[in-house]
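For reference, the chains in residue letters:
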Amino acid sequence: MADAMSAQTIVAARGIKIQFGAVKALDGADLEIRQGECIGLVGHNGAGKSTIVNVINGGLTPHAGDLVYGSGQGHGIALARQNGVRCVFQELSLCSNLTVGENARIMNRNLGGWNWRRRALALVRNKLDEIFPGHGIDCGSTVGDLSIAQRQMVEIAISFTDAETPARLVILDEPTSSLDSGLAAQLMAYVRRFAAGGGAVLLISHILGEILSTSNRIVVMKDGKVVADRPTSAFTTRSLVETMGSVVKDRQRSTRQHTGERRLSLPARKGEGLAFEAFGGEIVGFAGLGGHGQTQALLDLYLSENGNWLPNRSPVAFVAGDRGLNGIFPLWSILRNLSIASLGALSKRTLVDDGREAELGEYWKKKIEIRTPDTGNFILSLSGGNQQKVLFARALATSASIVLMDDPMRGVDVGTKQEVYEILRSEAASGRTFVWYSTEMDEIELCDRVYVFRDGVIVAELAGDEITEEKVLASSFAGGEH
Amino acid sequence: MNRLHLVFARPWIWSFIAAVIVWFATVLVTGGAGALGLSHAALTFAAFSVIVGLGQMFVITLGPGNIDLSVPATMTLAGTVALKLMDVQDGMIIAGLVIAILLGIAIGIGNYALIKLLRIPPIIATLSMSFIVQSTAIWANRGLRIKPPDMLASFTTSSFLGIPNIAIVAVLLSLAAWVLLERTIYGRWISAIGQSIFAARMTGIPVDGTRLVTYTLCAVLAAVCGYLLASFSGGAALNMGAEYLLMSIAVVVIGGTAVAGGDSNIPGIWGASLFMFLVVSMLNTYGFGAGVRLILTGLIILAVILAAGGRKVVR
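So the sequences go chain by chain: F and U.
Each residue of the first sequence is one higher than the one before, starting from 1 at the first, in the UniProt record's numbering.
Each residue of the second sequence is one higher than the one before, starting from 1 at the first, in the UniProt record's numbering.
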């Protein structure tokens, strides 16, 4: 019996550990996938879902733990492919300058020889017909001409085709994020048929309804570990959300009510969901899963208040999260990076006053403890956390009454975070408004009011004691609809 | 030692070193005779390169892809129209200068309108603009060669305390540009835009306004240079700007300004402009033919850029 069980195992990962610098992405995770199973994998941002997928498909080498495929122990992309492990990524990975058939050839090495184009075309067309009947995709067209949903369908179809080895385990990472409900239903029906026919599917989705209706086992991950691994029948939407969240912690909740006037507002995004508004002296949080439109909302807020032609007298400042992309000026000193947003106040008849600029630098260096002997040093001589402090100082040093923050604590150490939280609280108390996008629940809980984003739209507004991890998660994951 | 190190860390020092070496190499051959004449000519002709180079430098500071190829056509049109308007009358000298500046402003705005409204890359936009401007100059000129007003002609060709008046004008413009680049908010803004246009936008810098001003500034400097050059050489010619296309870019690059943008300096433009004139004089003195002269000029420029390259300066 035990032998029969292990023969059915496609891949078993035991005690996998992976570290990226100081971050433990996987901390002893176990996952076994057998034939005929459809496994739903769920968890919050950074729980380790994508990391374990990359271990199983051979892209990442585990720092500790065992990985056993059907053919034996080992790791690597070639071995995973040999064992029929396929992966459909969230970021589409087709070559957009090739046709659909040619893309199938890339995945299927043995599709060579005379007239391979025709055979590749037939292969992918049959599979598309099988999964998405009536799809209407011209398989002779180049991928670049297809819509994003069509590309996703092609990629899914190619992954399910039988290449040199038949597909035995197909990993689908958010496969329905760009499909409409009809196509999603077709896919889920096919996934069930595929599993019933002896294949296996690992399904990652933030739509819990899909997970509950399609999979027969659900694995919940948190902080790099598997915290629950039970048959689907043991879960409900509610219990699933609770399992993903953490135990409610004691925390001091600010009881402040905003008193100020309305400072900023934005109509409902895409004409759906809730509208946004922020009042004086308030810390407003943007929550939800990463990349669901929070950053775009912040950029829109900022750009709508800041002109591109004339010098600005705007009351809005911005703290970048992606320092390299839209924060740091790499050729400049710390001081110049800090003062750039406040030059108007530091100059007389547009000539910058060096003395007052240096004063400003010294003040903020002391106030938020930028660890450098001299603010004249290069900005890049600072650690990431200290660069981030400079960006905070840049925004706080302005006279702006509203500060927008785009997940600014990424890669910042715990000590720095505590210092910055303290500054935020005191600045808010003195009347400043903060709009804060964060992927960290601890930070969302520091906010007075929170908007939860899903698919680019504000789907919920939470205030005061309502701001709990459970409620944020419940709104971040669509319930049964789709 | 430390101070010496600091001097050598300046990106512009290399263009001056090169200029001095070439000066000595030329003077050695002539046996010291003509040293004064050579210096005088070098200052005069370098001054024209400096004036267009300053404008080009501001544009290049804006970051990768930013360049103004309409400089020669702008010089030609401004020179042509200004001389025609002044019509050899001393009383019209100021009016001529004003019309040159107005033409520069119009061309600069036109350049940025093409870049912004039609979303054409600056290299194509300014090149197209230069065809329009050059054609206008041909139409305005109609083969006539009008002399400059006497007062203006004598001002541009004479000297004050042994220093050519043109060089004095260029020094004054350089000082103004230095203040603009190093001391003003505008200078900070163009440097910020050159380093990261997205980051600049997100710190509240009016990116489009700043770029428009910069392209306009470049065209105005080219127009002023055209006005002075036409007066200096006794009339406007349709090809008078031709050599300044590459010259305006070369003096900026040899002078140690970062081609990738965000990091510029003005002294280097002087060193590079003197160097560019002196190299040609030196090779002439040595009696090389035109072909060899061009090849050697290219090699020497490469050598200077290599010597100055790879050095990153703090502030």
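Simulated from the structure, these hints should not be mistaken for lab results.
Virtual Cβ for every residue (Gly too), placed ideally from N, Cα, C.
Mixed in with the good hints, there may be bad ones.
What the hints assert, rightly or not - Residues from chain U that keep clear of chain F, each with C-beta distances beyond 10 Å, as calculated: (1) D87; (2) A199; (3) P206; (4) L245.
Said to hold, decoys possible - To spell it out: a stretch of chain U is covered by chain F in this simulated footprint if at least three of its residues, at any positions, have a beta carbon under 8 Å from a beta carbon of chain F; those stretches are: (5) 207-220; (6) 287-297.
Said to hold, decoys possible - In silico contact screen, one side only, chain F against chain U (beta carbon under 8 Å); selected entries: (7) F20; (8) S93; (9) C95; (10) S96; (11) N97; (12) L98; (13) L301; (14) S304; (15) F318; (16) L325; (17) I328; (18) P330; (19) L331; (20) A341; (21) S347; (22) G355.
Chain U contact restraint on F318/F - CB to CB distance below 8 Å: This interface hint holds because 5 Å falls under the 8 Å limit.
Residue hint I328/F, partner chain U, criterion CB-CB below 8 Å: Where the cut-off is 8 Å and the nearest Cβ of chain U is about 7 Å from I328/F, the hint holds.
Status of the F20/F interface restraint (C-beta, 8 Å, chain U): Where the cut-off is 8 Å and the nearest Cβ of chain U is about 25 Å from F20/F, the hint is violated.
Status of the L301/F interface restraint (C-beta, 8 Å, chain U): L301/F check fails; min Cβ-Cβ to chain U is 12 Å, beyond 8 Å.
Claimed coverage, the stretch 207-220 of chain U by chain F - three or more beta carbons nearer than 8 Å: With 4 residues close enough to chain F, the hint holds.
Hint check, S304/F versus chain U [nearest Cβ-Cβ separation less than 8 Å]: Interface hint status for S304/F: violated (13 Å vs cutoff 8 Å).
Residue hint P330/F, partner chain U, criterion CB-CB below 8 Å: With a minimum Cβ separation of about 6 Å from chain U (threshold 8 Å), the hint on P330/F holds.
Status of the hint placing L325/F at chain U (closest C-beta pair under 8 Å): holds (6 Å)
Restraint satisfaction for L98/F [CB to CB of chain U, less than 8 Å]: violated (28 Å)
Per-residue hint verdict: L331/F, partner chain U, C-beta under 8 Å: Hint holds; L331/F Cβ to chain U Cβ min 5 Å, cut 8 Å.
Chain U contact restraint for S93/F - C-beta distance below 8 Å: violated (26 Å)
Verdict on chain F covering the stretch 287-297 of chain U, where coverage means 3 or more residues with a C-beta closer than 8 Å: violated (count 0)
Comparing the model with each earlier hint shows violations of hints 2, 3, 6, 7, 8, 9, 10, 11, 12, 13, 14, 22; every other hint is respected.
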